[in-house]
Amino acid sequence: MSTQISSRQLILDSVRAATERLPKQTAGWTELPRRYMRRGSLDAEARLRLMTERLREYDAEVVECAPGDLPAAVAARLAASGRHSFVAPEGLPGEWMAAGFDWKIDHALPTPEIETVEGVLTAATCGVAESGTIVLHHSAAEGRRVLTLLPDFHLCVLRASQVVETLPEYFDRCHTAPPLVTWISGPSATADIEMTRIKGVHGPRFLAVILVRDEV
Amino acid sequence: MRTSLFITCYNDTLYPETGRAVVRLLERLGVTVEFNAGQTCCGQMHANTGFRGEAFSQAKRLVRLYQDAETVVIPSSSCVAMIRDQYPLLFDELGNDAVRRDFATLLPRIYELSEFLIDKLGVDDVGAYFPHRVTYHASCHGLRGLHLGDRPFRLLAKVRGLDEVMLPNLDRCCGFGGTFSIKNAEVSSAMLAVKLQDIAATGAEYCTALDNSCLMHLGGAMHRQYAGMKTIHMAQILASTETTPAEVFA
Amino acid sequence: MSVAAGHRAVLDPELASPFPIAAEVELRNPQLRKNVAHAIDVIQAKRGRLVAEKTDWQQLRSAASAIRAHALENLGEYLAEFETRCTAAGGVVHWARDAAEARKIIVDLLRQENASEVIKIKTMTSAEIQLNPALEAAGVSVFETDLAEIILQLGDDEPSHIVVPALHVNRSQVREIFARRMGLPELSDDPRALTAAARNYLRRKFLDIPTAISGANFLIAETGGVAIVESEGNGRMCLTLPRTMITLAGIEKVLPRYQDLEVMLQVLARSATGERMNPYTSLWTGVTPGDGPQRFHVVLLDNGRSAILGKKTERQTLKCIRCGACQNACPVYRQTGGHAYGSVYGGPIGAILTPQLMRLEHAQTLPFASSLCGACYEVCPVKINIPEVLIELRAQVVDQERKQAGRVFDPMYLGMRAAGFVFMSAGRFRLAQWLGRAGLRLFTRKDGWIHALPSLGARWTGTRDLRGLPKQTFHEWWAQRGKEGS
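Residue numbers (my numbering), protein chains in the order written: chain X, 1 to 216; chain H, 1 to 250; chain V, 1 to 486.
A couple of the hints might just be wrong.
[Stated by the list, open to error] Now the stretches of chain H that chain V is said to cover, found in silico as 3 or more residues with beta-carbon under 8 Å: (1) 30–41; (2) 56–70; (3) 173–181; (4) 188–198; (5) 218–230.
[What the hints assert, rightly or not] Think about it this way: if two alpha-carbon atoms lie no more than 30 Å apart in a straight line, the pair counts; the simulated DSS-like pairs of lysine-lysine are: (6) 312/V with 383/V; (7) 311/V with 403/V; (8) 104/V with 205/V; (9) 319/V with 383/V; (10) 199/X with 104/X; (11) 199/X with 46/V; (12) 104/V with 319/V; (13) 199/X with 34/V; (14) 183/H with 312/V; (15) 383/V with 183/H; (16) 205/V with 199/X; (17) 54/V with 383/V; (18) 183/H with 230/H; (19) 183/H with 403/V; (20) 183/H with 311/V; (21) 54/V with 319/V; (22) 471/V with 446/V; (23) 34/V with 46/V; (24) 24/X with 312/V; (25) 158/H with 120/H; (26) 446/V with 230/H; (27) 183/H with 471/V; (28) 183/H with 34/V; (29) 471/V with 483/V; (30) 403/V with 312/V; (31) 34/V with 230/H; (32) 183/H with 446/V; (33) 311/V with 24/X; (34) 319/V with 24/X; (35) 230/H with 158/H; (36) 205/V with 104/X; (37) 24/X with 383/V; (38) 54/V with 199/X; (39) 311/V with 383/V; (40) 104/V with 311/V.
Read the hints as simulated data drawn from the structure, not as lab findings. Just so we're clear, the structure is a prediction, and the values are computed from it rather than from any experiment. A virtual CB, placed ideally from N, CA and C, is assigned to each residue, including glycine.
Chain X on its own, in the form it takes in the complex:
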C-alpha cells in the first residue's frame, strides 16, 4: 500500500516539475479557441432529412410518425421485423409495448435471458444529424447498456425535438455530464481484413428508428 502512495506522489511530483519548467502558452479552459462550428445552420425540416439520410446510409430503417400514432408505428415496425421476442427497458412507456409479442421487461434480467431475445425497443436522448448518431444516456426508458448490445435488432424511438445538427449542440444540451453514454453511428463494422467493410461484428446488426414528429 505504501508503495502505491509513493508511486502516485512520484508521478505527480514528476509531472509538476515538468509543467513548471516551461512557461504556459495556453489560456485557461474557458479561453481556449473554439472557432469551429458550434451551431448548425439547417432548419428543422432539413435537419430531420439529414438525420434520416445519414441513418439510411448505415442501412438503418427510418420511418416517421405523428406523436399520437407512435404505439401503432411501433407495432408495425416490430411486426415488419419478423421477430417475436423483445426486451424492454424498465422505464419504457407501457403503451409502446405492442400486443402480440413476447415482452421481457428488464427488471435486472440475467444476461443469459437477454441473450435469447430477438430485439430491443428503447427511447433515446439525442440524435446528431451530421453524423447520423444516436446518443443514449441509458436512462430508465433507454435501458441498461447490455440491452442494446446483445439482441440483434434495435428499434429506437427518437423524437424530432431530440435531433440536433452538430455534435457540439448535443453537448450544449447536457447541463450535467452523464455517467453512462453510448454514441451509436451505424451498426458495428470492421475493415481489418483488406479494408473490406464488414458490418455487424458485435452488437445489433439491425437498427430501425421511428422519428416522432413532435415538433410542428
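Chain X is fixed; fit chains H and V onto it per the hints.
Same frame as chain X, but now just chains H and V:
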C-alpha cells in the same frame, strides 16, 4: 530593383546552369542581380542531420552576409524553408538578441524564386518559350513549408509552347530528404521508384521543380534507367526563349 | 517481417534492428507493400472527402491542439481531479511509474480476482508495456477481442498500424490462420466468413469471462469518465458484460471536461478511419450499480511520459490521440509498413515517441527514418509538428553519438564535421569544390556522369547516377563574367 542571389551550396557546385538561368531571367525582367562571393551554405544539411552547432554557425554567417541586401532571391525552396522555419529555432536556442534582431530585419527580404517573381515583381508571364511536355513535381518544402500554392502553375501556364501535364500524386515526397537519401538509401530508392512510375505515366519529356535537390535524385535515377525523360529546374524553363533556349543536361 | 515471411516481427525497441536494416527486409516483400498501400489509399480517400466536406476542419484542429496542449500544461491538476471523481464514482485508481510496475499492478489485481482468463479490448498501451506475455507467465490466458488483434494473436504476429493493426495481412493469410487455430479447415477466405468465424469464436468468451482489460481513448477530468472509441462492438462487450474492468491509460490521455469530446470525437473519427463518427463510442464513470462491471480499476501509466512533458519541443508529442493519420500520410510508412519501426508505435508518431519513451537509449535510428516531407504535420488533428520534433531528436542523438570513441572515424561524422568546417569560409568552400571536382573526375564517365562511388557515395550510386561536377561553379562563372564586363 536589386536583388542578391543566394545560389545555394549544391547549385553552385552541381547546377551552375540554374544560377545562370536565374540571372538571365531576372536581368530580362529589369532586375539588377548582385552576387555576394562570400556565400557558402545555409546550414540545412547540418541542421537536418542533427549537427545543430554547425548549422547555427552557418546560419549566423548567412544573416551577417546579407544584412545590407535589398532583397535575397533563392532558387531552392528547401533552403528558404530552412531560413524561415529553422533559423528562428536555432537563434532562440543558441543565439543572442543581436543576431535575433538582425535576422528579424532580414527575414522579410528573403524570397524563393517563384515568390520573387509573383509576389515581388508581380509578374507571371516572364516571356519564356519552352516547347516541350513538362510535368511539375511539388517539392515538400515548397508545398508544405512555403505554401507556394499555385505560383509555380501560374508561371508555367504562361510559358509559350509548353505542354503541361499534371503529375499524379504530385504532393507525394520523392524520397530525397537530404542525408535521408544516404542513411536510408533503400527506402529512399523505393519512394523514388514509385515517383518515377507517376512521372512516366504523364508521358512528359521533362520533370521540373523549384528544387534541384529533388531533381538530382529523380534525374539520377532517370539517367541510370535510360528512362527517356530528363529533369530541369524551373528557372531554366523560365529563362528559356526562342533565341536563348534552356541549357539542358538532365 | 510478416506472417507470410515466416518470421515474427520484433517490436521491442531494445531488441529491434536499426530502421534501415529492418526497412530493407520489408521493402523486399511485395505482398506487404501492396497490402499497406491499398489500406492507406482506402482510408486516405475517405478522410480526404470528409475533410473537404467539413468546412470548419482547420478550426477544429486548432481547438483540438489547444485543448490537448492546455491539458498537458495543467496535467497534474487534471490527473488529480480525474482521480478524485473516478474514486468518488466507485473506481479504484492506481499509479504506475513504469511498465514493470504497471504489469505488476495488473497481475496482482487479476490474482485478487482469481482470474485465469481475461478478455481484452485493443490497447496499444498494453503492447507498449508488453502486458500479454506477463499475464501468460502469471498463468492468465489472454483473449484479444478486436478482429485485427485476434488475427495477430493467433498468427503469432505483431501490429503494424495504430488503427488497423493487421493491415499487412491479406485475406488468404487470415484464412490460413483461422483455419489452423480455430479448427475450421473448410473456412473460405471471404472477409464476411472470416469475420463471422471471429464473432462465433468470441461470443462465449464475452459471456463467460468475468474480467476484462481495456485501454482508454480519453479520461475526463471533470467527471472521472473514461471514453472508448471503436468500430466492432467488442469494446462494448468487454466493458458491459464482465464483473471486473481494468483500464490501462497513459497519463497524457486526460481531457479537462466532458464538453471537450465535442472536438476530439469529430477529429478522431475522420482522421483514423475516414468516418464522420465511428460506430460505437462508450463513456462510463466509475461503477454504475446494476449496469456493467461492478469492480473498476484504472491504472495510470507514466513510463517516460512525465520526462517528455518537461521538454519544450518534445512535449507536443504527448498531444497525440492515436488516430494513425500520420501513418496513412507518410510516404516512408507506405513503403515499409509498421514493423520496420521495431516498436508498437510506428510511422511518424512512432519515430518521435518511441525514442523518447526509451530515453534515447534505444531506437536512435527512428528520428532519421523520415524525409521530413511534413505530410504528417499537415494531417495531424492536434497539430503535432512532427518534423520539428524529429530534427530536435536528431540533434540529441548526434550530440550523444559524437562523443563516442567509435564515431570519430565514422565516415558520416567525419564528412559532416569537415563540411561544417568548409562552409564557414568562402575560401575553404572554393578549395573544397576544386578538390571535389578534381577527385570526382576519376569516377566521371565520358558521358559526364558518375555511375559508381566508394564508401558513403555508394549508397547514392547504388540506385542513382550522379551528374559529374561541371567544370565551372556558379561562383567561377560569375567572376569570369565580371571580368568580361558582360
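Quick rundown of the hints versus the structure:
With 6 residues having a Cβ less than 8 Å from any Cβ of chain V, the stretch 30–41 of chain H passes the three-residue criterion, so the hint holds. For a cut-off of 8 Å, the count of residues in the stretch 56–70 of chain H with a CB near a CB of chain V stands at 3, and the three-residue condition holds. Remark: the stretch 173–181 of chain H is confirmed as covered by chain V, as 8 of its residues place a Cβ nearer than 8 Å to a Cβ of that chain, reaching the required three. Coverage of the stretch 188–198 of chain H by chain V holds [criterion: at least 3 residues with CB-CB distance below 8 Å; count 6].
With 5 residues having a beta carbon nearer than 8 Å to a beta carbon of chain V, the stretch 218–230 of chain H meets the requirement of three or more and the stated coverage holds. This hinted pair checks out: residue 312/V and residue 383/V have alpha carbons roughly 15 Å apart, not beyond 30 Å. Of the supplied pair hints, the one linking residue 311/V and residue 403/V holds, its CA atoms being roughly 22 Å apart against a limit of 30 Å. Of the supplied pair hints, the one linking residue 104/V and residue 205/V holds, its CA atoms being roughly 24 Å apart against a limit of 30 Å.
As the CA atoms of residue 319/V and residue 383/V are separated by approximately 8 Å, the hinted pair is consistent with the 30 Å bound. A C-alpha spacing of about 27 Å is found between residue 199/X and residue 104/X, which places the hinted pair at or below 30 Å, so the restraint holds. For the given pair, residue 199/X sits about 17 Å from residue 46/V by alpha-carbon distance, which is consistent with the 30 Å threshold. For the given pair, residue 104/V sits about 27 Å from residue 319/V by alpha-carbon distance, which is consistent with the 30 Å threshold.
Straight-line distance between C-alpha atoms of residue 199/X and residue 34/V comes to about 24 Å, which keeps the hinted pair within the 30 Å bound. For the given pair, residue 183/H sits about 27 Å from residue 312/V by alpha-carbon distance, which is consistent with the 30 Å threshold. Among the hinted pairs, residue 383/V with residue 183/H is consistent with the structure: their alpha-carbon atoms are about 27 Å apart, no more than 30 Å. Distance restraint check for residue 205/V and residue 199/X: the Cα-Cα separation of roughly 21 Å lies within the 30 Å cut-off, and the hinted pair is therefore satisfied.
Of the pairs offered as hints, the one joining residue 54/V and residue 383/V holds, with about 17 Å between alpha carbons and a cut-off of 30 Å not exceeded. The hinted pair formed by residue 183/H and residue 230/H meets the criterion: a straight-line CA distance of about 26 Å does not exceed 30 Å. Between residue 183/H and residue 403/V the alpha-carbon distance is near 20 Å, which keeps this suggested pair within the 30 Å criterion. Between the alpha carbons of residue 183/H and residue 311/V the distance comes to roughly 27 Å, so the proposed pair stays at or under 30 Å and holds.
With a C-alpha separation of about 22 Å, the suggested pair residue 54/V and residue 319/V falls inside the 30 Å cut-off, and the hint holds. Taking the CA atoms of residue 471/V and residue 446/V, the gap is about 14 Å. The hint holds against a cut of 30 Å. Proximity of residue 34/V to residue 46/V is assessed by CA-CA distance (about 19 Å); at most 30 Å being required, the pair is judged to hold. At roughly 11 Å between alpha-carbon atoms, residue 24/X and residue 312/V fall within 30 Å of each other, so this suggested pair holds.
Taken as a hint, the residue 158/H and residue 120/H pair is honoured in the structure, with Cα atoms around 18 Å apart against an allowance of 30 Å. For the hint linking residue 446/V to residue 230/H, the alpha-carbon distance of about 18 Å falls within 30 Å, and the restraint holds. Only pairs whose Cα atoms come within 30 Å are accepted, and residue 183/H paired with residue 471/V is accepted, the gap being roughly 29 Å. Pair hint residue 183/H plus residue 34/V holds up; C-alpha atoms about 24 Å apart against a cutoff of 30 Å.
Under the criterion of a C-alpha separation no larger than 30 Å, the hint pairing residue 471/V with residue 483/V is consistent with the structure, at around 18 Å. Between residue 403/V and residue 312/V, the direct Cα distance comes to roughly 24 Å. Compliance with the 30 Å bound is thereby established for this hinted pair. Straight-line distance between C-alpha atoms of residue 34/V and residue 230/H comes to about 28 Å, which keeps the hinted pair within the 30 Å bound. Note on residue 183/H and residue 446/V: the hinted pairing holds, with a Cα-Cα distance of about 29 Å set against a maximum of 30 Å.
A threshold of 30 Å between alpha carbons decides the hint, and for residue 311/V with residue 24/X the separation of about 13 Å falls inside it, so the pair holds. The suggested pairing of residue 319/V with residue 24/X holds, with an alpha-carbon distance near 15 Å, which does not exceed 30 Å. Among the hinted pairs, residue 230/H with residue 158/H is consistent with the structure: their alpha-carbon atoms are about 21 Å apart, no more than 30 Å. The straight-line distance between the Cα atoms of residue 205/V and residue 104/X is roughly 25 Å, inside the 30 Å bound, and the hint therefore holds.
Simply put, residue 24/X and residue 383/V have alpha-carbon atoms about 18 Å apart, close enough for the 30 Å limit, and the pair holds. Straight-line distance between C-alpha atoms of residue 54/V and residue 199/X comes to about 25 Å, which keeps the hinted pair within the 30 Å bound. About 17 Å separates the Cα atoms of residue 311/V and residue 383/V, which keeps this hinted pair within 30 Å; it holds. About 29 Å separates the Cα atoms of residue 104/V and residue 311/V, which keeps this hinted pair within 30 Å; it holds.
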